[in-house]
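> Heads up: the sequence lines are chains D, C, X and R, in that order.
FYI, the working numbering numbers position 114 of the first sequence as 114, with every residue one higher than the one before it.
FYI, the working numbering numbers position 276 of the second sequence as 276, with every residue one higher than the one before it.
FYI, the working numbering numbers position 61 of the third sequence as 61, with every residue one higher than the one before it.
FYI, the working numbering numbers position 97 of the fourth sequence as 97, with every residue one higher than the one before it.
In case anyone wonders, no lab produced these hints; they're calculated from the structure.
Here are the simulated distance ranges between beta carbons:
| # | chain 1 | residue 1 | chain 2 | residue 2 | range |
| --- | --- | --- | --- | --- | --- |
| 1 | D | Ser202 | C | Thr124 | 50 to 60 Å |
| 2 | D | Asp176 | C | Arg237 | 51 to 61 Å |
| 3 | D | Gly332 | C | His233 | 35 to 45 Å |
We put the beta carbon where it would ideally sit given N, CA and C, even for glycine.
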Amino acid sequence: MKKLLNDQADLVAESLRGLDRAHPQLRVDHEQRIIYRADAPVPGKVGLLSGGGSGHEPAHGGFIGPGMLDAVCAGEVFTSPVPDQMAEATKNIDGGAGVLHLVWNYTGDVLNFDMAAELAAAETDTQVEAVVINDDVAVEDSLFTAGRRGTGAAIPVEKIVGAAAEQGRSLSDLADLARRVNGATRSMGMALTSCTVPAKGSPTFDLPDDEIEIGIGIHGEPGRRRVPITSAHEIARMLVEPVLNDLDFTGAEGVLVFVNGLGATPLLELHLMYGEIADLLDQAGVVPVRTLVGPYVTSLDMAGCSVTVTRLDEEMVGLWDAPVATLGLRWGM
Amino acid sequence: MKKLLNDQADLVAESLRGLDRAHPQLRVDHEQRIIYRADAPVPGKVGLLSGGGSGHEPAHGGFIGPGMLDAVCAGEVFTSPVPDQMAEATKNIDGGAGVLHLVWNYTGDVLNFDMAAELAAAETDTQVEAVVINDDVAVEDSLFTAGRRGTGAAIPVEKIVGAAAEQGRSLSDLADLARRVNGATRSMGMALTSCTVPAKGSPTFDLPDDEIEIGIGIHGEPGRRRVPITSAHEIARMLVEPVLNDLDFTGAEGVLVFVNGLGATPLLELHLMYGEIADLLDQAGVVPVRTLVGPYVTSLDMAGCSVTVTRLDEEMVGLWDAPVATLGLRWGM
Amino acid sequence: MAGVDVEALQRWLRGFAASVAEQKDALTALDAAVGDADHGANMHRGMTAVLDSLGTPAADPAALLKQTGMVLIRSVGGASGPLYGTLFLRMAGATGGEGALEPETFAKALRAGVEGVVARGKAELGDKTMIDALAPALDALDASLGAGEPLPAALRAASTAADAGRDATTPMTARKGRASYLGERSAGHQDPGATSAALLVAAAATALGDQGTG
Amino acid sequence: MAGVDVEALQRWLRGFAASVAEQKDALTALDAAVGDADHGANMHRGMTAVLDSLGTPAADPAALLKQTGMVLIRSVGGASGPLYGTLFLRMAGATGGEGALEPETFAKALRAGVEGVVARGKAELGDKTMIDALAPALDALDASLGAGEPLPAALRAASTAADAGRDATTPMTARKGRASYLGERSAGHQDPGATSAALLVAAAATALGDQGTG
Ligand SMILES: Nc1ncnc2c1ncn2[C@@H]1O[C@H](COP(=O)(O)OP(=O)(O)O)[C@@H](O)[C@H]1O
Ligand SMILES: Nc1ncnc2c1ncn2[C@@H]1O[C@H](COP(=O)(O)OP(=O)(O)O)[C@@H](O)[C@H]1O
Ligand SMILES: [Mg+2]
Ligand SMILES: [Mg+2]
Ligand SMILES: [Mg+2]
Ligand SMILES: [Mg+2]
Numbered sequence: 001m002k003k004l005l006n007d008q009a010d011l012v013a014e015s016l017r018g019l020d021r022a023h024p025q026l027r028v029d030h031e032q033r034i035i036y037r038a039d040a041p042v043p044g045k046v047g048l049l050s051g052g053g054s055g056h057e058p059a060h061g062g063f064i065g066p067g068m069l070d071a072v073c074a075g076e077v078f079t080s081p082v083p084d085q086m087a088e089a090t091k092n093i094d095g096g097a098g099v100l101h102l103v104w105n106y107t108g109d110v111l112n113f114d115m116a117a118e119l120a121a122a123e124t125d126t127q128v129e130a131v132v133i134n135d136d137v138a139v140e141d142s143l144f145t146a147g148r149r150g151t152g153a154a155i156p157v158e159k160i161v162g163a164a165a166e167q168g169r170s171l172s173d174l175a176d177l178a179r180r181v182n183g184a185t186r187s188m189g190m191a192l193t194s195c196t197v198p199a200k201g202s203p204t205f206d207l208p209d210d211e212i213e214i215g216i217g218i219h220g221e222p223g224r225r226r227v228p229i230t231s232a233h234e235i236a237r238m239l240v241e242p243v244l245n246d247l248d249f250t251g252a253e254g255v256l257v258f259v260n261g262l263g264a265t266p267l268l269e270l271h272l273m274y275g276e277i278a279d280l281l282d283q284a285g286v287v288p289v290r291t292l293v294g295p296y297v298t299s300l301d302m303a304g305c306s307v308t309v310t311r312l313d314e315e316m317v318g319l320w321d322a323p324v325a326t327l328g329l330r331w332g333m
Numbered sequence: 001m002k003k004l005l006n007d008q009a010d011l012v013a014e015s016l017r018g019l020d021r022a023h024p025q026l027r028v029d030h031e032q033r034i035i036y037r038a039d040a041p042v043p044g045k046v047g048l049l050s051g052g053g054s055g056h057e058p059a060h061g062g063f064i065g066p067g068m069l070d071a072v073c074a075g076e077v078f079t080s081p082v083p084d085q086m087a088e089a090t091k092n093i094d095g096g097a098g099v100l101h102l103v104w105n106y107t108g109d110v111l112n113f114d115m116a117a118e119l120a121a122a123e124t125d126t127q128v129e130a131v132v133i134n135d136d137v138a139v140e141d142s143l144f145t146a147g148r149r150g151t152g153a154a155i156p157v158e159k160i161v162g163a164a165a166e167q168g169r170s171l172s173d174l175a176d177l178a179r180r181v182n183g184a185t186r187s188m189g190m191a192l193t194s195c196t197v198p199a200k201g202s203p204t205f206d207l208p209d210d211e212i213e214i215g216i217g218i219h220g221e222p223g224r225r226r227v228p229i230t231s232a233h234e235i236a237r238m239l240v241e242p243v244l245n246d247l248d249f250t251g252a253e254g255v256l257v258f259v260n261g262l263g264a265t266p267l268l269e270l271h272l273m274y275g276e277i278a279d280l281l282d283q284a285g286v287v288p289v290r291t292l293v294g295p296y297v298t299s300l301d302m303a304g305c306s307v308t309v310t311r312l313d314e315e316m317v318g319l320w321d322a323p324v325a326t327l328g329l330r331w332g333m
Numbered sequence: 001m002a003g004v005d006v007e008a009l010q011r012w013l014r015g016f017a018a019s020v021a022e023q024k025d026a027l028t029a030l031d032a033a034v035g036d037a038d039h040g041a042n043m044h045r046g047m048t049a050v051l052d053s054l055g056t057p058a059a060d061p062a063a064l065l066k067q068t069g070m071v072l073i074r075s076v077g078g079a080s081g082p083l084y085g086t087l088f089l090r091m092a093g094a095t096g097g098e099g100a101l102e103p104e105t106f107a108k109a110l111r112a113g114v115e116g117v118v119a120r121g122k123a124e125l126g127d128k129t130m131i132d133a134l135a136p137a138l139d140a141l142d143a144s145l146g147a148g149e150p151l152p153a154a155l156r157a158a159s160t161a162a163d164a165g166r167d168a169t170t171p172m173t174a175r176k177g178r179a180s181y182l183g184e185r186s187a188g189h190q191d192p193g194a195t196s197a198a199l200l201v202a203a204a205a206t207a208l209g210d211q212g213t214g
Numbered sequence: 001m002a003g004v005d006v007e008a009l010q011r012w013l014r015g016f017a018a019s020v021a022e023q024k025d026a027l028t029a030l031d032a033a034v035g036d037a038d039h040g041a042n043m044h045r046g047m048t049a050v051l052d053s054l055g056t057p058a059a060d061p062a063a064l065l066k067q068t069g070m071v072l073i074r075s076v077g078g079a080s081g082p083l084y085g086t087l088f089l090r091m092a093g094a095t096g097g098e099g100a101l102e103p104e105t106f107a108k109a110l111r112a113g114v115e116g117v118v119a120r121g122k123a124e125l126g127d128k129t130m131i132d133a134l135a136p137a138l139d140a141l142d143a144s145l146g147a148g149e150p151l152p153a154a155l156r157a158a159s160t161a162a163d164a165g166r167d168a169t170t171p172m173t174a175r176k177g178r179a180s181y182l183g184e185r186s187a188g189h190q191d192p193g194a195t196s197a198a199l200l201v202a203a204a205a206t207a208l209g210d211q212g213t214g
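Kindly generate the complete structure, drawing on both the sequences and the hints.
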């Protein structure tokens, strides 16, 4: 394993230390491993909380700031944070209008956020709602599984709901909006290589030089199937087809297309993939009106990509375009 | 080789195609492989042109936009573009105030930009100045070499000069400023792994699992020396010391610290590195007042990082903070 | 027979912590095959924190079990943290203020704990989770005690059942947790959580059985 | 003796293109050791473009050489594009409107071309660049012609000298180009540009010598 670290057991703590020093617009509670926007709580605004295992940077901490999240709880690498963190963060970002938990759908995250909500209900009078993000169409038969994973949809959900929160909208309104954006979003990913989890010290799975994994998650979980390596053109098809088959994306306001790098994929290749994906959307009569191309939801040093498509309505377009100032997404301010 | 591409010979062309489709704020001349800001030329403004081999994304095309570059010429992977491209771009971004070439110091880039300037002088009456960026302290004895490489300094140079250009400053003023920022900047990089150039199809160099390269370039050139892998703490020291030894960075307005990922390095690790680097700067009495952490000048899929430090004056701080709207850097607009 | 007192429970926890420490890499390797390669690290982090917490004196079994559950919930994260944490919290809730638990009370508490895990995680037998080791262990424990066997023998039977339940997860297709994303590709791999759960039951057999309340 | 006419020069360029195509991976491998692993691809891209351009009829040697230089400059990039391009442009500049170049004119033109490379790239003999193959080749060519040898023999001598010059780059520490960044680590590796330059001279010996103007 070749990584820039001291002791792997300290990786998350030391990375948070660097994040804190590098970015004065963030405030880090190192004891609890919570990252806050420096001016939280914002009075009158619903607080938005997310979080999850580390190793997905810039998710989750890179999406804290005006127009997006108020705080994020950081777990160990690929391990959901614990309820105490979420309960503490919930308390500290409540500006009087309640707190919305945006929970990526993994058993660990859901269970820990559940317990946190129970704790918060028992210990404070903060109103809490939770919305589960579950967009990954690689998980088929989701009734007989832990359900679809939360992956790329977090970005449009957090951005759009974040912008709406800045407008002073109510907790239940925002929860509805989050569910609506999540419901309008589908994703599918693939890996060229495995990632290496520092605590394990070797790749999570062995992938021969001539094979790729289709339907991969963002934690080094193996995908749904392994296929011979093929062209970007074919790979785009294997990602876009299941997305389009799962939801009707033809619509008046067009779609957001988000081509995500999993960590070790050059932007040069991601842009090439965008071209292939855009062709397929063209053929299907689906019109991209907003795009995002880059490593936003990574899986440590995994090479590969995912595609996320969100069916936009006019309100969502406006909220997507609204100002945001985070490390990962920034415009308009 | 595992990459998201069709035929490797078409990688750059197809990536430009995707870039063009994804980002309406850019305009791409696919024949000549020139990326323009959509509204170039900007009347009355000095045009800023850079470029170089592909494979460093988001450099160079990701730094085109208001407040930064006007155009970029894209070469093949790790191969400087050709004079025709630069001459054509020069003609098209001249808003009447001349064009500044920001040239990364590599023999190929310098020779091709030289020829382009000769062509431009022969064929148009556009005033052209060129400033060479050469910040890499890994190249010792630069009098007996091709000179120091241009690496991370391009970001502060292009950002600061880009902001000044928006103020309508003159070509010679901007060239002076570019030289001043370049002169105030030093960089040093290291690699955990080699990159794989698509045309070669295998890693440029073999690096055993327990060794790293210190003083690496951004084209897979081997570094100055190979050492056993060590802690982030020690690696930070091997990068920061030569930078601080080369230039006195203690100064009233502090420094910009730019910790750059070379392509396959998780942001988690880069932030950890920032913490280590900030400690060393503290010990040396050097005060970071602006920071940038992320993959901005990459070397395809290389794992590793570089550190760039710029000694800022008041004017530079103001220009760094000025609005910019590019794919790679964006704030204030 | 002395019953399961605080000291016996502490022996159990120490024993479990020791097996987890020893099996850490094996648990992680199992999780790498069907999950995210952290189950060993998770359990080890949790049980290290539990060991630390044993320094704080506990008034009675209920207090110790509750503290253990809270420590796990606070330190582990992931799926296993809330689930193992709930196991111990519910065990605590199912005991009164006794200084030592009768074998039947211990068995009842364990059942309450596992029911808590089911309530949280919604896994059924055959879903390829820790439940596949824990549920058969409970049944064997109850059957043995019902047949008049002493706790040590009953726990040995439970441990054998847990091991068998763990082994039975190998051919299963996962329907809960991260392994479920793999669909049929999850078959052929032993479940990491069932493996750690079998270690938990084995540690009980050792600590509360042979040298303990036997 | 017919002199070096357009057809002979085209044979030279075709021969060089063929060796570059054949040696592409070897050139890139040399560049991987001390540079950025693209010299083979660069030269191949350039010579493929030159082959394409041979379809356009050229009035005389000067026109063909100029066109070749322009094509290389337009298609190669990197360090080798402007340098090889300059070589041909300056060769063109050193010839008048002759339909065929006398051996001495050809030798003079080649020297002018190499001087152009030196003027652009500022490399000296011993800097571990293409100059280390080209300069000895020129000297051998002039010496042979001066000694009254015919062009074919003189070009064979030049090619032998270029090969020796290329080989001599191996122990050198680079002082120009990308290899110079390696400092002393560049020693022990043959220079890619000197290697392609030796191919260029060898192609001349074949095309203009043996079957050509011989
Ligand atoms: N819903 C569930 N009910 C019971 N056990 C579960 C459930 N989901 C997962 N598990 C258990 O948790 C184990 C994985 O734990 P761990 O790797 O620590 O957490 P994570 O999956 O969050 O990385 C699985 O092997 C399985 O036995
Ligand atoms: N200043 C120079 N003068 C002469 N030849 C040079 C000079 N710099 C580099 N070269 C030659 O160019 C070769 C490298 O060419 P190439 O790999 O195509 O370009 P790049 O270095 O830009 O990738 C070197 O091996 C060397 O022979
Ligand atoms: Mg996990
Ligand atoms: Mg090159
Ligand atoms: Mg796991
Ligand atoms: Mg090269």
